[in-house]
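Chains W and S, in that order, give the protein sequences. Its first residue numbered 1, the first sequence is counted upward by one per residue in the working numbering. Its first residue numbered 1, the second sequence is counted upward by one per residue in the working numbering.
Since the hints were made in silico from the structure, they are not lab data. All C-beta atoms, glycine included, are put in the ideal place defined by N, C-alpha and C. Worth double-checking, as some hints may not be accurate.
[Claimed, not checked] Estimated spans, in silico, between C-beta atoms of each pair:
#1 S:Ser252 - W:Thr160: 15 to 25 Å
#2 S:Pro156 - W:Pro282: 56 to 66 Å
#3 S:Val161 - W:Glu134: 18 to 28 Å
#4 S:Glu76 - W:Lys68: 52 to 62 Å
#5 S:Lys5 - W:Gly107: 35 to 45 Å
#6 S:Glu76 - W:Glu72: 53 to 63 Å
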Amino acid sequence: MQQTFTNPNEHGYYGDFGGAFIPEMLFANVAQLKSQYLQIMDDPNFKEEVNDLLKNYVGRPTPLFLAKRLSEQYGTTIYLKREDLCHTGAHKINNTIGQIILAQKLGKTRIIAETGAGQHGVATATVCALKGMECIVYMGEKDIERQAPNVARMRMLGATVVPATSGSKTLKDATNEAIRDWINNPTNTHYIIGSVVGPHPYPDMVARFQSVISAEIRKQLLAQTGTELPTHVIACVGGGSNAAGAFYHFLEEPSVQIVAVEAAGHGVQTNMSAATTQLGTPGILHGSKSLLMQTQDGQVIEPHSISAGLDYPGIGPMHANLYSTGRGLFLSATDDEAMDAAFHVSKTEGIIPALETAHAFAALDQIKWKPSDTVVICLSGRGDKDLSTYMQKLDS
Amino acid sequence: MTRLKKVFNTKSSKVLNVYCTAGYPALDSTLPIIAALEKNGADLVELGMPYSDPLADGPVIQESGARALENGMSIEVLFDQLKSLRATSNIPVVLMGYMNPVLQYGFEKFCAAAAAVGVDGLILPDMPAYEFEATYGAIVKKHGLDFIFLVTPETPTERIVYLDSLSSGFLYAVSASATTGSALNFDAVDAYLQKLKQMRLINPILVGFGVKDAASFELASRHTAGAIIGSAYIKALENSVDVTSTTAQFLSSVIGQK
């Protein structure tokens, strides 16, 4: 595999970032996946099965919506890629549909997953219910508290939600626990990672499953505007799965400005942040080399973001490469800016976005727009799961 | 002859390697523990460098690492403590840890410092064989350190041979596909260890994960050079008021009075 911005080389590297830094106990599982994922994903029967479910179960293609009032306010043309309209309310299911069918082809019978905001957990529990597979979701204890509706959804879908009680009790720790489960269950279990993180081939595999987002954007823009390429694509980045999907088919198009928006938490310089490219240095977490928030002694720093889905001290290796090569523009939005953006988008376009997605909207204020620009924002998820956070603001 | 070679040359069976976490239970426990292990019959010490995200470890060793970090342990502090190691102690010491803190410290600087204080070898479970061959192996060798790879019951035969060829000192046979501290099913393990023995590998084999007392030590070393005890010893240290007497007591329960 030739290395590009879009795909890693055969060792899983995007430039300096990626690889598979895993203990031997995981080697057999990861090696099996590495040797088979491209072949399986290329199989016409596999594609047909995935595409059928994406269409008839998930509801794809999702609309590309011209946001007229936002466009007017910013003096440009803004389209919203409506991933919030996917079944289960976010883009996460694009990946879980693909991975559950892949897991079946690999002969696995038990599924594990990690989740932050709960969106990936719900998307995994959903496809496990659909396929009649056992499902265990690891979730930080702190996230279980702040994302109660999604915990209830997962349980209703038949999944077992296991609290991760170590470290910061958030996404990083849930991922540790899921990896430990995989070590302890090496033969019957497939680990559905929800983001473009983890050892090779996960970042590439998840990016490929999410790339349906940008494939559709190109077609829809062509139909609506007569040209396939926008001037800007904006997405929020925690691990970076919706961003990877929204950027994927534009990465080798130099005219398209890639804009990734990280969670600044209370502010990049406050020690209460999750803006990995601003605060991170090269390091290894969850099996790949990337940018990582860490101490001088190489201990991982516990991040902060109001949005559980962005509360992660690392970033996918694809994005670390986009940042370090300058291919992507990396911005950040604070908790407050994201909250304000969520309320603004709700009132302006009648769409309540997820808190994660709200960070992408907050970045609209940080770029000077031209009337000739065509901007696509990946509206990665809907805000129902964040209502209790939004209600606190409404009541204050 | 390296200290590790010497151990396996003088003792072909029931070599006991004991794992402890640097800076646990107290920051300055490291050297007293190594001394007590040596005095009471351990043949090897595997000294864990604490890390915030130890993927291969179960709850007991995780918890000891978190405590050690709270106590102020770091690679910097550890090398400072180990400066006086070889003034009093002759037992081989192998450092075990994860790639990230080592890379952050600087891989070459780390190997140089380890060799300078008299460390004998390294175990970095998340070091990929590919990276070792391409980049890091030469640095390890340059500083005269041994490097120990892990194999599991899931590791195919040809890969066992390959990992054995990259290793020196010993080969670490993980008894089951599990995190540290898991219970051991010895019937299943026996066949696997017997297979390893019949492969006539270059390196002596030490068995780890699930070895906790005299009976499991006996069983684990039946077909191999010996075994590694970790979580059970950490548990014994948890409420210890005197690490020296706790260590004496623990080792006598595993191998008898020295």
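To see whether the hints hold, each was checked on the structure:
1. S:Ser252 - W:Thr160: 15 to 25 Å: Given a distance of about 43 Å, which is not inside 15 to 25 Å, the answer is violated.
2. S:Pro156 - W:Pro282: 56 to 66 Å: Violated, at about 32 Å.
3. S:Val161 - W:Glu134: 18 to 28 Å: 36 Å, violated
4. S:Glu76 - W:Lys68: 52 to 62 Å: 58 Å, holds
5. S:Lys5 - W:Gly107: 35 to 45 Å: With a Cβ separation near 44 Å, Lys5 of chain S and Gly107 of chain W satisfy 35 to 45 Å, so the hint holds.
6. S:Glu76 - W:Glu72: 53 to 63 Å: Check passed, 57 Å falls within 53 to 63 Å.
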